[in-house]
Amino acid sequence: MAETLTPGQVSLRTLADIYWNVTEITLSESAYPGIERAAARIAEVAAGNAPVYGVNTGFGKLASIRIESADVATLQRNLILSHCCGVGEPLALDIVRLFMVLKLMSLGRGASGVRPEIVALMQAMLKAGVLPVIPEKGSVGASGDLAPLAHMAAAMIGEGEAFYEGERLPAADALSRAGLEPVVLSAKEGLALINGTQVSTALALAGLFRAERALQAAIVTGALSTDAAMGSTAPFAEEIHTLRGHRGQIEVAATLRELLNGSQIRASHAENDERVQDPYCLRCYPQVAGACLDLLRQAAATLEIEANAATDNPLVLSDGEVVSGGNFHAEPVAFAADMIALAVAEIGSISQRRIAMLVDPALSFGLPAFLSPKPGLNSGLMIAEVTSAALMSENKQLSHPASVDSTPTSANQEDHVSMACHGARRLLQMTQNLSNIVGIENAFDDQLSRPVVSDPLQVRPADLRIKILAQPAYIVCEIGAFAAISRDVAKIVGLSKQAHRRRPLRMSGGLKHPAYPGVRSAHAGVRIPVTRAWNRHIDSENECGHACCQCALKCVFHESPVAQHIKLKPDRLGAGFRHLFNCTYRYGRERIGEAGMFGGPCGLGFASFGIHTRKAHRSENNWQG
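Under our numbering, the sequence shown has 284 at position 284, and the numbering climbs by one with no breaks.
Read the hints as simulated data drawn from the structure, not as lab findings. We treat Cβ as the ideally placed atom computed from N, Cα and C, and that holds for glycine. Among the hints, erroneous ones may be present.
What the hints assert, rightly or not - Here are the computed distance ranges between Cβ atoms for each label pair:
no. : residue 1 : residue 2 : range
1   : 57        : 416       : 34 to 42 Å
2   : 319       : 178       : 55 to 63 Å
3   : 279       : 61        : 56 to 64 Å
What the hints assert, rightly or not - Once the Cα atoms are required to be at most 20 Å apart in a straight line, the calculated SDA-like pairs of lysine to any residue come out as:
no. : residue 1 : residue 2
4   : 396       : 295
5   : 137       : 177
6   : 61        : 410
7   : 61        : 89
8   : 137       : 331
9   : 137       : 398
Could you put together the complete structure from these sequences and hints?
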C-alpha cells in the first residue's frame with residue numbers, strides 16, 4: 001500500500017508505518033507548483049549578478065567569495081564531494097529510508113529551490129530500493145546534517161556507494177541496475193540536499209517509535225511483576241492519581257488496575273497480609289511510567305513538527321525573496337532526543353529494580369532465591385538479573401544530555417551546534433538495551449519450544465488489551481492478537497536456549513519443534529512458582545501454583561508512534577481468555593502444556609510447573625519439591 005505525502009501535513013502515524021513496514025511513498029501532486037516556483041526563482045537569481053548565499057557564493061566561512069554563473073553547476077558538485085566525510089558503520093537501511101522520506105517532505109514545502117527532477121529521482125530511488133551507504137558519524141547537528149546527507153546526494157549524482165537488492169555497489173552501478181540515471185545538480189540543489197535536519201530527525205523518530213513499544217511492553221511486565229510479587233493494587237487507586245493530576249500517571253494507573261483486575265493471586269493475599277507497603281518499584285510505577293509517557297508525548301510533538309519542516313538554507317520565501325536563515329540548527333531535535341533518552345533510561349531503571357526484587361528472597365515475600373526451586377544447586381536467574389543491571393547502567397551513562405554540548409566549527413562561523421545527530425543515534429542502542437531489560441523481566445517461559453522468527457515476538461497478556469489512542473490522528477494500538485513488539489526484543493532469543501522442561505532455568509540446549517522439523521528454537525525460560533495460598537498458607541498438596549500468562553505481551557504494538565495526545569485506555573476482557581494467572585490443581589505438571597502453548601519467543605510470560613508442598617507459611621520460605 002502506498003502513502004501519498006502532503007508536505008507539512010504528514011502524521012507520526014504515517015512516518016511510523018514507513019519506518020516499520022517499508023511503506024511505498026508518493027509526494028502529493030499539490031506540492032509540485034510550489035517546487036516549480038521556487039526552482040524558477042533560484043534559476044533567475046543564479047543568472048543575475050547579485051550575490052546570494054548558497055546560489056552563487058561559497059559556503060560557510062567562504063560565503064563572501066562570488067561564483068560566476070558558468071561555474072554554478074561545478075560549485076554544487078564540488079560541494080557534495082567535499083562534504084562526503086562521514087565515518088563509521090553504515091546507518092541501518094530503515095533509517096536511510098526514513099530520512100530520505102523526510103528530505104522529500106522538506107523539499108516538497110516549495111522553499112528549497114530544487115527542480116522537480118531532484119524530487120522525482122529521490123522517489124524513484126526509494127521505490128526501487130536504491131539506498132545510499134551513509135556513514136553513521138560526522139554531523140554536529142547544525143548547518144544541517146552535512147556529512148551524512150552529502151553521502152546521500154553523492155549517490156544521486158552517481159558517486160559514492162549504494163545498496164541495491166542486498167548488494168553494496170558503486171552508486172552509479174546501483175542506479176543503472178535499477179534503470180535510473182544520475183542527476184546533474186543545478187544552482188543551490190546540492191546545498192538544498194545536504195542542508196537540513198533530516199538525519200537527526202529520522203534517528204530521533206526511530207528512537208521514539210522504539211521507546212513507545214518498549215514502554216507499552218514495560219507497563220504490562222510491571223503488572224505481571226506486581227502480581228508475581230504478591231504486591232498490592234491499592235496504590236493504583238484512581239483517586240490517588242487524579243489528586244495529583246498528571247495525565248500519563250492517571251492513564252498508567254488505570255491500565256495497571258485493569259490488567260490486575262480479577263487476579264486470583266491478588267485475592268490470595270487480600271486479607272491478613274502482614275506487609276504494610278510495597279517497595280517503590282511496584283508502588284510508584286504509575287508515577288514513573290506515567291512521567292515517561294508524558295515526556296515521550298512532548299518529544300513526539302516536537303518531532304512531528306520538525307519532520308514536516310523546511311530546514312535547509314537559504315529558503316525561497318513566499319514573496320520570492322531568497323533569504324539565509326538558521327532552520328538547519330537542530331536544537332529542537334537535540335532536546336527531543338535527550339527527553340527520549342531520559343525516559344528510556346528511567347523505564348529500564350525501574351524495570352531492573354523489579355527484576356532485582358523478584359530474585360532476592362529478602363524482598364520477594366517468600367519466592368525462592370533467584371526464582372530457582374533449588375537455589376544453590378541451580379543459579380536460576382542470578383546472572384539474568386546481572387545482565388539487566390549491566391544494560392540499565394549502560395543506558396544511564398548514555399542518557400547524559402547531548403544538547404548541553406557544543407563546539408565551534410567552520411572557522412567559528414558556525415560557533416554553536418546542537419549535537420542532535422549522535423544524541424538521536426544513541427537512542428537505537430538505548431532502546432535495544434531497554435527492550436532486553438523488559439524481556440528479562442517478563443517471565444522467561446521455558447515450557448514451549450517455538451521456531452525463532454525473524455520478526456518480533458508474538459506474546460500478549462492473558463485476557464486484556466491496552467489501547468493507545470492518539471489525537472488528532474486517531475492512532476489505535478493494542479496489545480492484542482496482531483501487533484508486534486520491538487524487533488530488538490527478539491534478539492534476546494538468540495542469547496539463551498531452553499533447558500529440559502523438568503529442570504530449573506538454565507541457558508542450554510536447543511530444542512526442535514515437532515511442527516517445524518529442522519528448525520531450532522532458543523529462548524530463555526524461568527519457572528516461577530506462584531502458589532495459591534489462601535491466608536498465606538498452602539493447603540496440603542492440593543493447590544499448586546500455575547502462572548499462566550497467555551501469550552504475555554502478544555502484540556506489543558505494531559502500528560503506532562507516540563503522538564501528542566496519546567493515551568492508555570483499557571479495553572474489555574477478551575472473550576474466551578483466562579486471566580493472567582490461573583490455578584491448576586494437585587499435579588500441576590499435568591497441565592504444563594497449557595502455560596507453555598501460550599508462551600512465545602524470549603519467554604515473555606510466566607511458565608508453569610508443579611510445586612507440591614506440604615502446609616507451609618509463606619514467610620518460612622519453605623519450598624518442597
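Structure-based check of each hint:
1. At roughly 22 Å, the beta carbons of residue 57 and residue 416 sit outside the given window of 34 to 42 Å.
2. A beta carbon spacing of about 40 Å between residue 319 and residue 178 contradicts the range 55 to 63 Å that was offered as a hint.
3. The hint said 56 to 64 Å for the Cβ distance between residue 279 and residue 61, and at roughly 57 Å that hint holds.
4. In summary, the hint linking residue 396 to residue 295 is supported, as the alpha carbons are separated by about 17 Å, within the 20 Å threshold.
5. For the proposed pair residue 137 and residue 177, the alpha carbon gap of about 28 Å is over 20 Å, so the pair is violated.
6. Restraint check for residue 61 and residue 410: satisfied, since their Cα atoms lie roughly 6 Å apart, inside the 20 Å limit.
7. Between residue 61 and residue 89 the alpha-carbon distance is near 30 Å, which puts this suggested pair outside the 20 Å criterion.
8. Taking the CA atoms of residue 137 and residue 331, the gap is near 18 Å; set against the 20 Å cutoff, the hint holds.
9. A hinted pair counts as satisfied when its Cα atoms are at most 20 Å apart, and residue 137 with residue 398 qualifies at roughly 16 Å.
Going down the numbered hints, you'll see the structure goes against 1, 2, 5, 7, while the others check out.
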